[in-house]
Amino acid sequence: MARMKFYCDPERCIECNACVTACKNENEVPWGVNRRRVVTINDGDDGERSLSVACMHCSDAPCATVCPVDCFYTTQDGVVLHDKDICIGCGYCFYACPFGAPQFPEDGAFATRGKMDKCTFCAGGPEADNSSDEHRKYGSNRLAEGKLPLCAEMCSTKALLAGDSDTISEIYRKRIINRSASVMARGVSYRDASFRAPYNAAGKSSAKE
Amino acid sequence: MIGQFIDGPLWTFSLAVFVIGVVWRIVTILMAGNRPDLSTPRGSASSGAIRTIFSRSVYERTAATRGRLLQIAGYLFHIGLFALLFFAKPHVDFYAERITGFGWATMPHWAFILSAELAFLGLLLLWIHRLLSPVTRLLSDLDDHLGSILVFLVMLTGCLALAQSFEALRLIHLLLAELLLIYFPFSKLMHTFTFVMSRGYTGATMGRKGVNA
Amino acid sequence: MIEQFEQGVEVLRQQIDARISSYFSSCVHCGLCAEACLFYTETHDPRYTPIYKLEPMRKLWRREHTFWGKLGAVFGLNEPLTEQDFADWETLVYDSCTLCGRCSMICPVGNDITYMIRRQREGFSVAGYAPEGMKEATKRALKIGSPMGVTFKTLKAALAHVERDTGLAIPIDKKGADYMTLFSSMEVVNFPEYIESIARIFQAAGISWTISSKAFEATNSGIQIGNREAAAELVNRIVVAAEELNVKYVVSPECGHAYTSIRWEGPNLIGRQYPFEVVHILELLEQLKRDGRLQLEGKSATPMTLHDPCQIVRRGGVVQQPRELLDGVAETFVEMKDHGVMNWCCGGGGGVSANDRAEPLRLRVFERKKRQLEETGVDTLVTACANCRIILEEGIEEYEMETEVISLTELVAEHLVDGSKNKE
Amino acid sequence: MGSMISISIPPGSLGAKAAAWSLLLLWLMLLPGQGLAESKQVKGLPPPAVLNPAADLWRDIRQRDMATTGTTQVRGVDSGVLINANGDKWRKFRMDQLIPIGGYLLLGMGLFLILFYLIRGKVRIAGGASDRKLPRYTSYERLIHWFIASIFIFLALTGLIILFGRPLLIPIFGKELFSVIASASKEGHNLMGPLFLVALILVFIKFVRRNIYQKGDMSWLLRGGGIIGKKHVPSNFFNMGEKSMFWMLIIVGSVIVASGLVLIFPIFGQGREWMELAHVGHAIGAILMITVIMGHIYIGTIGMEGAIEGMSTGYCDLNWAKEHHDYWASQMEKRGEAISNEAVNRFSDPDTNRSLGRELREAGE
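Protein chains in written order, with my numbering: chain L, 3 to 211; chain H, 29 to 241; chain U, -6 to 417; chain Y, 6 to 370.
Worth flagging that the hints you see were computed from the coordinates, not collected in a lab. Note that the Cβ used here is the ideal one computed from N, Cα and C, for glycine as well. Do not rely on the hints blindly, as some may be mistaken.
To be verified - Mimicking BS3-like on lysine-lysine, the simulated pairs with C-alpha atoms at most 25 Å apart in a straight line are:
id, chain 1, residue 1, chain 2, residue 2
1, L, Lys117, H, Lys117
2, L, Lys117, Y, Lys180
3, L, Lys26, L, Lys160
Unchecked claim - Just so you have them, the derived chain H footprint on chain Y, three or more residues with Cβ under 8 Å:
id, segment
4, 100 to 110
5, 210 to 224
6, 255 to 267
7, 306 to 315
Could you build all of it, start to finish, from the sequences and the hints given here?
Here you go:
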């Protein structure tokens, strides 16, 4: 059985936000809800890196554990989905999620939470595949059509990978090998081999070099 | 099935009972008739009536502690409930869809919540007061308690259905509101309409005498 | 007895008009009226809640004017009004209500509770459930002409006394006079100074006035006990006498309920409008003062406060006049905390003063007035109602207070510019 | 730059290189307490020339030192935080501590009270009910007591439904129906919550003066409030236990209200950390309070004869007062505040009202 995962390659992500746009467009999410976002670390500095994040579809999802109404379920493809008919909008999944994936439509000025919305790996919800109800509540169900999430499909640099974890880890592994091989073959440091300055946790201090 | 009944025929029925009942009650009261007042008036009866209709809503400072509490709780409850009934978005949408065909300006959501808080605060205080104070314990009859309970339940289910996403909760709220509408014309709740008459009659008499009542 | 009871219920039934129907429909039993009633605030006995005193009438209304009541009556579910109800409520209706009207001012839905009690008394009196004292007073009023048994002879003696003291001639049965003056028996018996004051003031103001030998009594026991026929008879005597003398105005004495009965209830009782006007003595005095016909001099230095008689102020509409007059004669005038239309009753109005068994309760609730007086810190209490005056004096005696009670009219008379005496 | 790499990863670790390629390792790094310490240094090999720099990035955004946040086009609180490390701590608190420990605490308190009742039984008025009563609470005091009580019970019930509903109620009602109940509970809880603040303020203002600790409170505590032994311990208007409960109500209640406001109004820009913290405070406070209030309800109703009268009728039995609040009772008695039972009934019992007319008439005639 496949186990669906996302992986974003920070060496490739160029912060174009096409994945965000694609997601919004494909799933017709309301204002204020962002199933996917691109976060840039060290923006404008040496070693700037960007990552596109959404629900990571954890194998042991904290959101599902803490949900007081038990509205989460994991599909056979390993996609973590939730049932909006059962969700009460308490926000506990939002507290527990490491990635900030659960989103809540704001309900007026006190921002009381509506029903939770999050990335579905373009796999819809518990309703019948591609039914109008499903589309209204959860957006597209591309997986049922044999397609992968649109964000990854749209990614121009192929930084964002989506699919069976075996496959994407294989792709990523090859990339790393290739990069390392090229570095080693040329006998230079990674920095010299790369177009981009390597990620530097110290941020600005590295700019001196 | 039962939902359709609540949403459809029962709603129509309860609305009809409410409208016909209220009109019938007001007509029967008017039919009892009043003797004309032959005494020479000192002031105007009509301006006295209009004056009292509004002035009785003004806080009466001479009332003692219990009176103060009653009046404040009364304000909270009535203002909150009025705002909820006529300016909460879900209600206006409902009226527009079912009765009037047009909507009107609604409160922002925070004001909606705030008026619900106030209405609950007022109603709870008034109700507990009714159950505790020797005066109201003595006065209250089944009608008073039934009215309080129904209004409270309607408000409570309304607040529970605030998420507006569970049909069952909406139907419970609607069902209780319908029961309230049916009960309305036969109960104390009629004061919603007859208070104008009461204040008007008293105001007219007092106005004739030149007393600002 | 049974027959009398049924008559009483029938009368009570007739009382329920649109006003009362709307009042009962509006009442939500909030109990706020209790806070306005001095019988409740002084005893904290919930049975003294004004609207509770109307339970018998409400029972009848509920049974005959409401859906549940009618339905219940068909199935014999709700109990009908019984004679026991009349018996149980008699004291509440007569002893613990002075018809002061304070509850009517506070009711948030605007119910005129006082009006309803007044109406309910109609049924009670017909059914025979009224205090003996009031029954007797009504009988005396109808028979002798005064609830206290004062005859014209008595008045004449008092008048002779006044004439001797002042040297003024008091016109009796003078046809075509402008003002016909009425008195209350209490004034004749207890406060003849009032008559003297009237005589001196009218003399000073140059008013053409008279007293009718046929109808000098202004009080109306019929109104207090709630007997329409008796009340109409008593009013009619005055109207007939006034018409005979062809006066332009009838002057109501200070006495509160007398004013209400002749001014506001009278025309409705006899079923026609008067060919003359009714003025309260304070109204008249204030008018005279404003017209400059009443010259006052010298202001009393003692600080004074005013007790507003309910029937004159709250139920009568003579609110500003006593204050205008007091301004002219008192240097320091201290208002009580709740004054004017929200004043507290002395405790003896509405026939309670004529009801002996109510005396302990009446004296108990006088505490309210006592507190009010103490708050002002003033020892001179001005009022304008002979009944209030008696009750106040009794209360002051009971509570061993130092307060002096004086009548406003007499106070005004004391400050007349002494022109009349100089001329003589 | 080489130094940079060597700080992050033990030098000479070829195994680390291999591990860094694995996606799975990235996942492992997200979990606390997991590192690369286990990789062994292999002797004789040159220091690593190449490492996957993404490993550094992931380690940083893992937020172990709460330092690295990024920027993003998506607006919102915390949207720049890639990984929220506290979420997992909060999850563990809720699932491993709050629900089991809280549940057993409440259950235990219930059992304790039942046991206590079985052993100790109802605390009777030793001297029996007297024929006189003392006015204990005014109607306003009773009003605010029942006001806060009704709101508290509503909030406690709805809160417990949300907390324990998944393990306890879903098996009974099923997910669909429970979801309706839970949504109603959540909305009701949120709407009624602010009223608890109002009630708390009213209660504080009204009762604070009588709840300041006084002389004699200590000895009450030392003698166990009369639970130990059969002798009653004298006390003031409120005894030490009641005073402590009052202060618990005020202090814990304030924590609950404040944290509750943080939770229901996500408009102050408070991030997840704040809400998680607020939730922890809210839950601990609420469990504590419910436990104490259970005891309060027990002693106020079935636990002690005559205790509820003060709050229901406003009057308490004179003997009861002497046994439990002797300092206050003797003061009141000295001032002549004791009222006969009939007088109390006349004022509080509507059923005796009809006799008044007869009484008065008989008295008058």
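Each hint, compared with the structure:
Distance restraint check for Lys117/L and Lys117/H: the Cα-Cα separation of roughly 19 Å lies within the 25 Å cut-off, and the hinted pair is therefore satisfied. Under the criterion of a C-alpha separation no larger than 25 Å, the hint pairing Lys117/L with Lys180/Y is consistent with the structure, at around 16 Å. Of the pairs offered as hints, the one joining Lys26/L and Lys160/L holds, with about 19 Å between alpha carbons and a cut-off of 25 Å not exceeded. Requiring three or more residues with a Cβ within less than 8 Å of a Cβ of chain H, the coverage given for the segment 100 to 110 of chain Y is violated, as only 0 such residues are present.
For a cut-off of 8 Å, the count of residues in the segment 210 to 224 of chain Y with a CB near a CB of chain H stands at 0, and the three-residue condition is violated. Three residues within the 8 Å Cβ limit are the bar, and the segment 255 to 267 of chain Y against chain H gives 0, so the coverage statement is violated. Look at the segment 306 to 315 of chain Y against chain H: 0 of its residues bring a Cβ nearer than 8 Å to a Cβ of that chain, fewer than three, so the hint is violated.
Of the hints listed earlier, those the structure fails to meet are numbers 4, 5, 6 and 7, in rising order.
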